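Asks: If you want the building blocks of each chain, they are given just below.
Protein chains: 2
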Amino acid sequence: MRDQLQSATRIVIKAGTSTVSNDDGTPSLVRLGGIVEAIARLMRDNKQVILVSSGAVGCGRSKLRKQAAMHRSLRDHMNDLGDEKPTHYNSACAAAGQLALMSLYDTMFSTCDIEPSQFLVTQRDFNDEGCRANLKSSLSSIVGVGMLPIVNENDAVSGNSGYANVPAGCFSDNDGLAALVAQLFGAELLILLTDVDGLYDRPPSAHGAKIIREVHPASLSAVEFGPVSKGGRGGMEAKVGAALRALEMGVKGVVMASGTTQNVVGRLMGGEDLGTYFSTSISRKASFDADPSEEAAAARAAARCLQGLSGAERTAILEGVALALTARAPEILAANEADVAASSNVAPHLKQRLGLGAAKLATTAAGVAALAAMGDPLGKVYVRRELAPGLVLEKRSAALGVVLVIFEARPEALPQISALALRAGCALILKGGSEAKESNAALYRVIRDAVVAAAPARAKRALAAAVTLLPGRDAVARLLKATDESPAPLVDLVVPRGSNDLVKHVQKSTKVPVLGHADGVCHVYVDASADAATAVKVVVDAKTDYPAACNACETVLFHEACVGSGLAKAVLDALVAKGVALFGGPGAVARGLVFTEADKPEKWEYGCLALRVDVVPDVAAAVAHVNAHSSGHTECVVAEDAAVADAFLGLVDSADVFHNASTRFADGFRFGLGAELGIATGRIHARGPVGVDGFLTYKWLLRSASAGGDAASEFGSGAKTYTHKDLALAD
Amino acid sequence: MRDQLQSATRIVIKAGTSTVSNDDGTPSLVRLGGIVEAIARLMRDNKQVILVSSGAVGCGRSKLRKQAAMHRSLRDHMNDLGDEKPTHYNSACAAAGQLALMSLYDTMFSTCDIEPSQFLVTQRDFNDEGCRANLKSSLSSIVGVGMLPIVNENDAVSGNSGYANVPAGCFSDNDGLAALVAQLFGAELLILLTDVDGLYDRPPSAHGAKIIREVHPASLSAVEFGPVSKGGRGGMEAKVGAALRALEMGVKGVVMASGTTQNVVGRLMGGEDLGTYFSTSISRKASFDADPSEEAAAARAAARCLQGLSGAERTAILEGVALALTARAPEILAANEADVAASSNVAPHLKQRLGLGAAKLATTAAGVAALAAMGDPLGKVYVRRELAPGLVLEKRSAALGVVLVIFEARPEALPQISALALRAGCALILKGGSEAKESNAALYRVIRDAVVAAAPARAKRALAAAVTLLPGRDAVARLLKATDESPAPLVDLVVPRGSNDLVKHVQKSTKVPVLGHADGVCHVYVDASADAATAVKVVVDAKTDYPAACNACETVLFHEACVGSGLAKAVLDALVAKGVALFGGPGAVARGLVFTEADKPEKWEYGCLALRVDVVPDVAAAVAHVNAHSSGHTECVVAEDAAVADAFLGLVDSADVFHNASTRFADGFRFGLGAELGIATGRIHARGPVGVDGFLTYKWLLRSASAGGDAASEFGSGAKTYTHKDLALAD
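As you go down the protein sequences, you meet chains A and B in turn. Per UniProt numbering, the very first residue in the first sequence carries number 1; after that it's consecutive. Per UniProt numbering, the very first residue in the second sequence carries number 1; after that it's consecutive.
It cannot be assumed that every hint is accurate.
Pairs involving identical chains hold if they fit within one copy or between any two copies, as the list cannot separate such chains.
[Claimed, not checked] Restricting the straight-line Cα-Cα distance to at most 27 Å, the calculated cross-link-like pairs of lysine-lysine (DSSO-like) are: (1) K504 with K481; (2) K603 with K437; (3) K600 with K504; (4) K360 with K720; (5) K725 with K380; (6) K210 with K481; (7) K600 with K47; (8) K210 with K252; (9) K395 with K720; (10) K600 with K210; (11) K504 with K603; (12) K351 with K725; (13) K210 with K725; (14) K508 with K481; (15) K210 with K603; (16) K136 with K603; (17) K603 with K578; (18) K380 with K395; (19) K351 with K437; (20) K511 with K603; (21) K481 with K603; (22) K569 with K380; (23) K600 with K578; (24) K504 with K437; (25) K720 with K578; (26) K569 with K603; (27) K600 with K508.
These are calculated hints, taken from the structure and not from any lab test. Note that this is a predicted model, so its numbers are computed, not measured.
Model the full structure from these sequences, guided by the hints.
Replies: The structure is reproduced here in structure tokens:
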């Protein structure tokens, strides 16, 4: 929506008092420098710019003080004025300061080879048609010769007193002036730099006030405005009024942003989502920072409601979802066909996973039904311990809470993950890829309807938010940011399922725990004791069964005895026969096993029919190599020697470690987890393929059956003593 | 060490070319503005400042270009010069630019009411004693009248050519000039703003190059220097040489920092650890950014080594630690006495926990011995599943890896947590409070020695890093930052044990998973069905047993029937008798239960003999209140009605939920966990009181006993099928 900013060629920038001045009224050299350098960049890019600058009053105050210090008589005059300076003092400051500010601008712009030119105007100049026409043509001429007009109200003449009622075509402050200038100049874009981060939906100090990021004038009726800014004349209402008048007068877009944000103009023009963007060519619904806290609060309430249901009630909901996926299959498949039909621009690797089809949908529904039949994972007893007679502690599984899952393509992920979450009593916030937009919307509708229909009456309302589908990527970013900033987590876990870039981006951009894996650099170590047929079968499967998968093998390490025995060659020949390109590490090249030297680092995910090959002296070296270069996903040892296999399984520090079995088995379905939330290479919460466990935590329950309950002080005093006796777990 | 910066009253700031100029040679308005405003602040604080500024050459180049564009003859001259300008072109630029730069400085400083004054000097002025004296007295006079000397080399005269050999008392660049000026001026501090972040221990582009934060001249021999900076004349070696000469000549401290860092002067003077600090009054050992990656790498190696030991070997190490704590008790207790003796300035709540004493140390040693006897927590089977005949999957407990624990006071935490970590095969990086510095150092020595002594020979070397004690808080910050930035985690978990502020600070400053709790706002709900004696006992204990503890009760909620029945009054009377101040929520005040209205929000940790009291209509409202306002730590229901208790235990979303038992039981020792890593209010990894489980994760092991191994493609092709049969867990 903000593309208009980059394409604008005629731009008016208004810098308010709070932007150009420090708190003590002196010019802010850092911020003025930033504005000057940003304008210079715009002008170098052949944009035409006009600067409307406040600040002369503050500049003049400091000038007058200085003069006063030098000339006694003036100082006496100042002292006579005392703290309560009369109104016309502002005009005097303006007159004194105008030159000082312009001289500062002149010096600064001249370092960028820009000649500024001063325009001092009053309301009258806009009221009078002749004056307007003169002003317009002067501005155009100055801009035309590559100079920069700097416009300000001629306060010394106008009295700098503001106006209670602003007739059409007039201005009461520099925001209004900037709007008139923008019209006169035919600007496409007006940037109002002020002292607030943007327009809020209520006074910024009010609880829960939110910035409106994009707003159509038609949706402004509900907004309450905040108070007048320090040092400047224009309150928020006046600023918004100026923005709206500019739009009415034909300016295409107005941005209101904080002038104290570092490099604000450069970042706005670079497309960053700062401030509030006013335009008539956007949706009439005001766009906020995606309201993540409200959606997250509804999800939290749904999670608590789900937890409060009985296991049988949650089972009924899952059965309802499974049935609905079958009953409403035509609707889902039609939506999916629309996505597939519209996928000509979708990347091939996503396109390939986009199609759903009746068979896959039926399998998915059956998977949901299987989760319904799996039994309740909540309330499982992990520990039961008598702390003292009559005082029994239990550690029981509990629902994690609210989980955010971001996934690409594969629309069947939506019902699969939803079913896992519902089974575990968790609420889910989902963001699917835009390539599967219609499929995801249909699946979401079907699931939400089914959850509400199957929920007990008391829970229907809350459970409408058990699964939420977020509209866009911005919403995800804002939800993560809001969770980082909120005192209580809005989201307990985020699961990015997609490209490495997506995962890394999510990991970098939030403090919310992330479950997932950025890359899968899996190793197979072939020991001296390996059976040749096993080695060939396992390595070929690990590399070629699905080379793009995260659990495909990227490096094979041979014990050096395999070089002499011919085992290494047998394995490599089989790989080459399958079309695998081999890249040798130093050991493999030195021993003539592979001719092409690897030009990638040890930790490299080829993701295609390419493989790194190297040679190690023993299993300890293989373990060290794997621990140094693996992504912690899945590794495999091929060996007949049980001691070697045990050493590898014990010492390799990855989520999955396999013996004589292909790395490709690292998968939630193959592991028998029912469905897969994701594969985690982190070490916290859950590891490797993650099913319903990813949605679980535990809680400690302590029950006293002692007469009169139990107090800790009774143990401190010695009246009671701890027994700490573990009890049978069975309920 | 950097206190000298804040106390310096005479300061020379040198701004290099890369600081004052943009890449195209034009002055950087943003950076110059920042320097001007920073100097103005220093001068307002009555500091005396001299600015040594480069940049005239770049300023002059742009000036000459502009002039050339206006005057044909000059342009022709420029064209004649072509790309290869002769050396004297620099001098011409300098001459042309000097005025332009000074005029810019003049304009900028005048906005801050500062009059700058220009000093152009050459080497000769310093060689000649008369000239030196003149220069010195002029500088002093100008500074004395509150003006700012701006010094630069008189390039137009000197030729701006640099010098291959710099005799003593001479300069070859503005860094050297700044050093001479600093001496002449009697400056305490010289700030060299340049284009690098500081001095690195090898060329900054070299792999593993690290910034030296504090350096004594004597420790500089090992440093290799990088190349000359862009636009400027002084290479790193010259800059360091200038810094060293300044120190030799009596300047107390020199900082070298990047001039492009935002507000660098202000932040340096505010004590921020930017750049490299040179001084002779600091340790001779160069202080780096605390080498976190090397320490973390050693810890990771130790963790892997520990994992590779047998359970019996880890047990032997724990036994060794327990014995050493007893055998070397005198050494530990003496160190602790020294801490206690030096604790007059320590906050009372820390002081109270600082003392160790023979009895407490003996209990601690017994606790370590108990953990040794507890048996191996690694390799426990959680899942054993036949995926297909001959293909068996196991999910087994595994060591988490490297854990960072930050703790305050309580020196016994060090051996307790170390023992938990060793039991679980994890390496530990510890940072104790400075108030327990000697105690921690002694405990660390004893444990490290014991670990190495008890370790098998093959593991001794690696296990010296099984427990690491970090020297300072900076090291923690850098370790967390390095972990955030490293592609592979250096630390898997961080556990802050201390004040709310410490925990919140850690949570905010890192992406490493944090285990802990910032606050403990615990609730007791007294139901209509509660037994009066039980209610009194539980509530009084929960509030008064140890009011400062995180598991103390902060809010008691009464079912409204308790108001009429007198039960609420009985409980409150008992609290008042114990000296508890009661603050009423709206319901409690309205019903006349409590007279003083609570002026704190619902979520408030009093941490003393003060309690919030409120009234709710039923258990559902109690649950809703708790879930909305609790910190997720520990809550309690007092009820005889089992359905009410079950509802509360089931629906309250906190780590610990108790029935008729005081919240004070929420504690690792009382729970029978042996020792306590911490209490977690997060929902990921571990929850509530955390013992050895906090150091554990799990891994998936898959073993094929099939002839020829197992390939995933055999299942895809239908040759084999998954059976997914759960097997007995017993080994």
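Asks: Hints first: check each against the structure and report whether it holds.
Replies: Comparing the hints with the structure gives:
no.: 1; hint: K504 with K481; result: both (16 Å within a copy, 17 Å between copies)
no.: 2; hint: K603 with K437; result: neither (35 Å within a copy, 41 Å between copies)
no.: 3; hint: K600 with K504; result: within (20 Å within a copy, 41 Å between copies)
no.: 4; hint: K360 with K720; result: between (61 Å within a copy, 21 Å between copies)
no.: 5; hint: K725 with K380; result: both (19 Å within a copy, 20 Å between copies)
no.: 6; hint: K210 with K481; result: within (14 Å within a copy, 31 Å between copies)
no.: 7; hint: K600 with K47; result: neither (44 Å within a copy, 55 Å between copies)
no.: 8; hint: K210 with K252; result: within (24 Å within a copy, 51 Å between copies)
no.: 9; hint: K395 with K720; result: within (23 Å within a copy, 39 Å between copies)
no.: 10; hint: K600 with K210; result: between (48 Å within a copy, 25 Å between copies)
no.: 11; hint: K504 with K603; result: within (16 Å within a copy, 35 Å between copies)
no.: 12; hint: K351 with K725; result: neither (58 Å within a copy, 35 Å between copies)
no.: 13; hint: K210 with K725; result: neither (54 Å within a copy, 53 Å between copies)
no.: 14; hint: K508 with K481; result: both (11 Å within a copy, 12 Å between copies)
no.: 15; hint: K210 with K603; result: between (44 Å within a copy, 23 Å between copies)
no.: 16; hint: K136 with K603; result: neither (63 Å within a copy, 60 Å between copies)
no.: 17; hint: K603 with K578; result: within (23 Å within a copy, 64 Å between copies)
no.: 18; hint: K380 with K395; result: both (8 Å within a copy, 17 Å between copies)
no.: 19; hint: K351 with K437; result: within (13 Å within a copy, 61 Å between copies)
no.: 20; hint: K511 with K603; result: both (26 Å within a copy, 23 Å between copies)
no.: 21; hint: K481 with K603; result: between (31 Å within a copy, 23 Å between copies)
no.: 22; hint: K569 with K380; result: neither (51 Å within a copy, 39 Å between copies)
no.: 23; hint: K600 with K578; result: within (22 Å within a copy, 71 Å between copies)
no.: 24; hint: K504 with K437; result: within (23 Å within a copy, 39 Å between copies)
no.: 25; hint: K720 with K578; result: between (72 Å within a copy, 22 Å between copies)
no.: 26; hint: K569 with K603; result: within (23 Å within a copy, 68 Å between copies)
no.: 27; hint: K600 with K508; result: within (24 Å within a copy, 36 Å between copies)
Consistency with the previously given hints fails for numbers 2, 7, 12, 13, 16 and 22, ordered from lowest to highest.
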